[in-house]
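Engineer: Spelled out, the chains give:
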Amino acid sequence: MAEHTIKAFDDEMDRLRGLIAEMGGRAEAAIESAMLALQRHDRNLAAQVVADDRKIDAIEAEVEKLAIEIIALRAPMANDLRDVIAALKIVSVVERIGDYAKNIAKRVPSIATNSRTMEPISLLPSMGQVASEMVHDALNAFSARDAELALAVIDRDTVVDDFYNSVFRTLVTFMVENPKTISECAHLLFIAKNIERIGDHATNVAEMVYYAATGQTLPDRDPSTTPATED
Amino acid sequence: MTEEQQSLAPANPKMTARDVKVFYGPKEAIKGVSIDVAMDNVTAFIGPSGCGKSTFLRTLNRMNDTVASARVEGTITLDGEDIYAPSMDVVQLRARVGMVFQKPNPFPKSIYENIAYGPRIHGLAASKADMDVIVEKSLRRAGLWEEVKDRLQDSGTALSGGQQQRLCIGRAIAVEPEVILMDEPCSALDPIATAKIEELIHELRGRYAIVIVTHNMQQAARVSQRTAFFHLGDLVEYGVTSDIFTNPRQERTKDYITGRYG
Ligand SMILES: Nc1ncnc2c1ncn2[C@@H]1O[C@H](COP(=O)(O)OP(=O)(O)O)[C@@H](O)[C@H]1O
Ligand SMILES: [Mg+2]
Numbered sequence: 001m002a003e004h005t006i007k008a009f010d011d012e013m014d015r016l017r018g019l020i021a022e023m024g025g026r027a028e029a030a031i032e033s034a035m036l037a038l039q040r041h042d043r044n045l046a047a048q049v050v051a052d053d054r055k056i057d058a059i060e061a062e063v064e065k066l067a068i069e070i071i072a073l074r075a076p077m078a079n080d081l082r083d084v085i086a087a088l089k090i091v092s093v094v095e096r097i098g099d100y101a102k103n104i105a106k107r108v109p110s111i112a113t114n115s116r117t118m119e120p121i122s123l124l125p126s127m128g129q130v131a132s133e134m135v136h137d138a139l140n141a142f143s144a145r146d147a148e149l150a151l152a153v154i155d156r157d158t159v160v161d162d163f164y165n166s167v168f169r170t171l172v173t174f175m176v177e178n179p180k181t182i183s184e185c186a187h188l189l190f191i192a193k194n195i196e197r198i199g200d201h202a203t204n205v206a207e208m209v210y211y212a213a214t215g216q217t218l219p220d221r222d223p224s225t226t227p228a229t230e231d
Numbered sequence: 001m002t003e004e005q006q007s008l009a010p011a012n013p014k015m016t017a018r019d020v021k022v023f024y025g026p027k028e029a030i031k032g033v034s035i036d037v038a039m040d041n042v043t044a045f046i047g048p049s050g051c052g053k054s055t056f057l058r059t060l061n062r063m064n065d066t067v068a069s070a071r072v073e074g075t076i077t078l079d080g081e082d083i084y085a086p087s088m089d090v091v092q093l094r095a096r097v098g099m100v101f102q103k104p105n106p107f108p109k110s111i112y113e114n115i116a117y118g119p120r121i122h123g124l125a126a127s128k129a130d131m132d133v134i135v136e137k138s139l140r141r142a143g144l145w146e147e148v149k150d151r152l153q154d155s156g157t158a159l160s161g162g163q164q165q166r167l168c169i170g171r172a173i174a175v176e177p178e179v180i181l182m183d184e185p186c187s188a189l190d191p192i193a194t195a196k197i198e199e200l201i202h203e204l205r206g207r208y209a210i211v212i213v214t215h216n217m218q219q220a221a222r223v224s225q226r227t228a229f230f231h232l233g234d235l236v237e238y239g240v241t242s243d244i245f246t247n248p249r250q251e252r253t254k255d256y257i258t259g260r261y262g
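Line order of the protein sequences matches chains Z and Y. The numbers in this note's numbering rise by one with no breaks, and the one at position 146 of the first sequence is 146. The numbers in this note's numbering rise by one with no breaks, and the one at position 65 of the second sequence is 65.
Just chain Z, same shape as in the assembly (with noise of 0.2 Å):
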């Protein structure tokens, strides 16, 4: 796209999706180790988890007020001003997608080694990575403006739904069948709907990107592929 005549404006543009770019990659290194931390039950990388979420907290709240100060002194339009309220928009989603990485690590003393063996604990790593990909995607796709991409991880979503489904049936049947592991299970269960709410919240993300970049809203999915949600 051509530079915009005042060159502080595309510096600042480029700062904006430069933090965005930066909040996902540490959004997405959560996820993974918070699930590298549950395989490996590491209390140690659980907390570093923890404690690193409020990094990025710290970008969400840069970004608002880079972006408050573009809508004040640059009055974007156009593509310019649906970037910037994409930037604010995923910003608050990438936050809570922290949020659950960190939920997910703070569960990992609970749960005790000996159900590491445990089949679900064996399909939550590759869901949590289907869910970070998505989230990697999801903003390399605003970075990128790149509709094709966003709506590739659109397409995921039920991927991630599959996973919660077969951990939740998978879980429950082994409860029945062992009611000494249930308050283990019960982690498990949360852990899992943890992160099939991040597949949910990269998706949005990628919604935002694609109207971003694009200017038309997407057609509402399905809902009935959709897991019942709480949150």
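You may find that some hints are simply not true.
[What the hints assert, rightly or not] What follows is a list of derived Cβ distance ranges for each label pair:
{"no.": "1", "chain 1": "Y", "residue 1": "Ala188", "chain 2": "Z", "residue 2": "Ala51", "range": "57 to 67 Å"}
{"no.": "2", "chain 1": "Z", "residue 1": "Leu151", "chain 2": "Y", "residue 2": "Leu232", "range": "35 to 45 Å"}
{"no.": "3", "chain 1": "Y", "residue 1": "Gln218", "chain 2": "Z", "residue 2": "Asp11", "range": "16 to 26 Å"}
[Unchecked claim] Below, computed lysine to any residue pairings styled on SDA-like, alpha-carbon distance capped at 20 Å:
{"no.": "4", "chain 1": "Z", "residue 1": "Lys89", "chain 2": "Z", "residue 2": "Glu22"}
{"no.": "5", "chain 1": "Y", "residue 1": "Lys31", "chain 2": "Y", "residue 2": "Asp65"}
{"no.": "6", "chain 1": "Y", "residue 1": "Lys109", "chain 2": "Y", "residue 2": "Gly161"}
{"no.": "7", "chain 1": "Z", "residue 1": "Lys193", "chain 2": "Z", "residue 2": "Thr181"}
{"no.": "8", "chain 1": "Z", "residue 1": "Lys65", "chain 2": "Z", "residue 2": "Leu19"}
{"no.": "9", "chain 1": "Z", "residue 1": "Lys102", "chain 2": "Z", "residue 2": "Leu189"}
{"no.": "10", "chain 1": "Z", "residue 1": "Lys89", "chain 2": "Y", "residue 2": "Asn247"}
{"no.": "11", "chain 1": "Z", "residue 1": "Lys102", "chain 2": "Z", "residue 2": "Asn44"}
{"no.": "12", "chain 1": "Z", "residue 1": "Lys89", "chain 2": "Y", "residue 2": "Thr246"}
{"no.": "13", "chain 1": "Y", "residue 1": "Lys137", "chain 2": "Y", "residue 2": "Asp150"}
{"no.": "14", "chain 1": "Z", "residue 1": "Lys55", "chain 2": "Z", "residue 2": "Asp99"}
{"no.": "15", "chain 1": "Z", "residue 1": "Lys7", "chain 2": "Y", "residue 2": "Arg260"}
{"no.": "16", "chain 1": "Y", "residue 1": "Lys149", "chain 2": "Y", "residue 2": "Pro119"}
{"no.": "17", "chain 1": "Y", "residue 1": "Lys196", "chain 2": "Y", "residue 2": "Val148"}
{"no.": "18", "chain 1": "Y", "residue 1": "Lys109", "chain 2": "Y", "residue 2": "Arg120"}
{"no.": "19", "chain 1": "Z", "residue 1": "Lys7", "chain 2": "Y", "residue 2": "Asp255"}
{"no.": "20", "chain 1": "Z", "residue 1": "Lys7", "chain 2": "Y", "residue 2": "Gly259"}
{"no.": "21", "chain 1": "Z", "residue 1": "Lys7", "chain 2": "Y", "residue 2": "Tyr261"}
Simulated from the structure, these hints should not be mistaken for laboratory data. We put the CB at the ideal spot given by N, CA and C, even for glycine.
Chain Y with the ligands: place on chain Z using the hints.
Structural biologist: Coordinates of chain Y with the ligands only, in the frame set by chain Z:
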């Protein structure tokens, strides 16, 4: 108009232009513009300096007739009637399609006389009492009455710039126009006076079809419901203002309104 432009055109147009071209000598300043202007809209013309906004605006009340080198082609109608038809009374036309200019230009006469002049030559007042009513009504509509009611005999040129511009709007209103054309009416005014004119435009909307040329895009976004983007004598894009400013269809419009115009 293309099919897409047609679909974006307002229903029940007050004025229509079809394939309008304006030449200054051999130079083609407007290159075949078609547009509909609606009664219940404020329509903004935007575009870089020299793109032909003023030239096109002046075709709507035949102001270009006063420029010796100017020649207008195409068809322009007001309520379906061809305004360039030989039978058209130009003085009458300019009362129906009033104009407000960039620089406020009150007559060097009293505030009262500035308003009364038009109605008098058009024979709109049968008595002094009639005229008093017209002057008060026009000044009220122009949002100036409260500020000047106690000094109607003061000279119009003694008012502040913003008041002078509202006086000129009152003067246009006094002859009961149907359309008001404004050519950068705020460019000589400070922000407060500008805000008052914008508020006035908002209040006048619906009573008159208003067409405003502005080089200030924020102003176009604030006051208009439809925006037309001109570039090098062409009408590049015409549509609902919020669409033009959030999601323009044409690359040239986008570059201009996002500040990428070289
Ligand atoms: N009276 C005139 N004689 C010759 N050329 C003119 C005259 N008025 C305007 N032009 C030319 O016509 C083009 C359009 O001018 P104008 O309508 O004033 O543009 P805008 O209002 O968009 O700035 C410009 O190139 C300008 O130089
Ligand atoms: Mg002009």
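Engineer: Does each hint hold? Answer for all of them.
Structural biologist: Hint check:
1. Y:Ala188 x Z:Ala51: 57 to 67 Å: holds (59 Å)
2. Z:Leu151 x Y:Leu232: 35 to 45 Å: holds (37 Å)
3. Y:Gln218 x Z:Asp11: 16 to 26 Å: Holds: the Cβ-Cβ distance is about 22 Å, inside 16 to 26 Å.
4. Z:Lys89 x Z:Glu22: Satisfied, since the Cα-Cα distance of roughly 16 Å is no more than 20 Å.
5. Y:Lys31 x Y:Asp65: holds (18 Å)
6. Y:Lys109 x Y:Gly161: Distance of about 16 Å is within 20 Å: holds.
7. Z:Lys193 x Z:Thr181: holds (18 Å)
8. Z:Lys65 x Z:Leu19: Given that 20 Å is the threshold and the Cα spacing comes to 12 Å, the pair holds.
9. Z:Lys102 x Z:Leu189: holds (15 Å)
10. Z:Lys89 x Y:Asn247: Within the cut-off at roughly 18 Å; holds.
11. Z:Lys102 x Z:Asn44: holds (13 Å)
12. Z:Lys89 x Y:Thr246: Given pair Z:Lys89, Y:Thr246 holds - Cα atoms ~17 Å apart, limit 20 Å.
13. Y:Lys137 x Y:Asp150: holds (15 Å)
14. Z:Lys55 x Z:Asp99: holds (12 Å)
15. Z:Lys7 x Y:Arg260: Holds, at roughly 10 Å.
16. Y:Lys149 x Y:Pro119: holds (19 Å)
17. Y:Lys196 x Y:Val148: Holds. Y:Lys196 to Y:Val148 sits at ~15 Å (cutoff 20 Å).
18. Y:Lys109 x Y:Arg120: holds (15 Å)
19. Z:Lys7 x Y:Asp255: holds (14 Å)
20. Z:Lys7 x Y:Gly259: holds (10 Å)
21. Z:Lys7 x Y:Tyr261: Within the cut-off at roughly 12 Å; holds.
No hint from the list above goes unmet by this structure.
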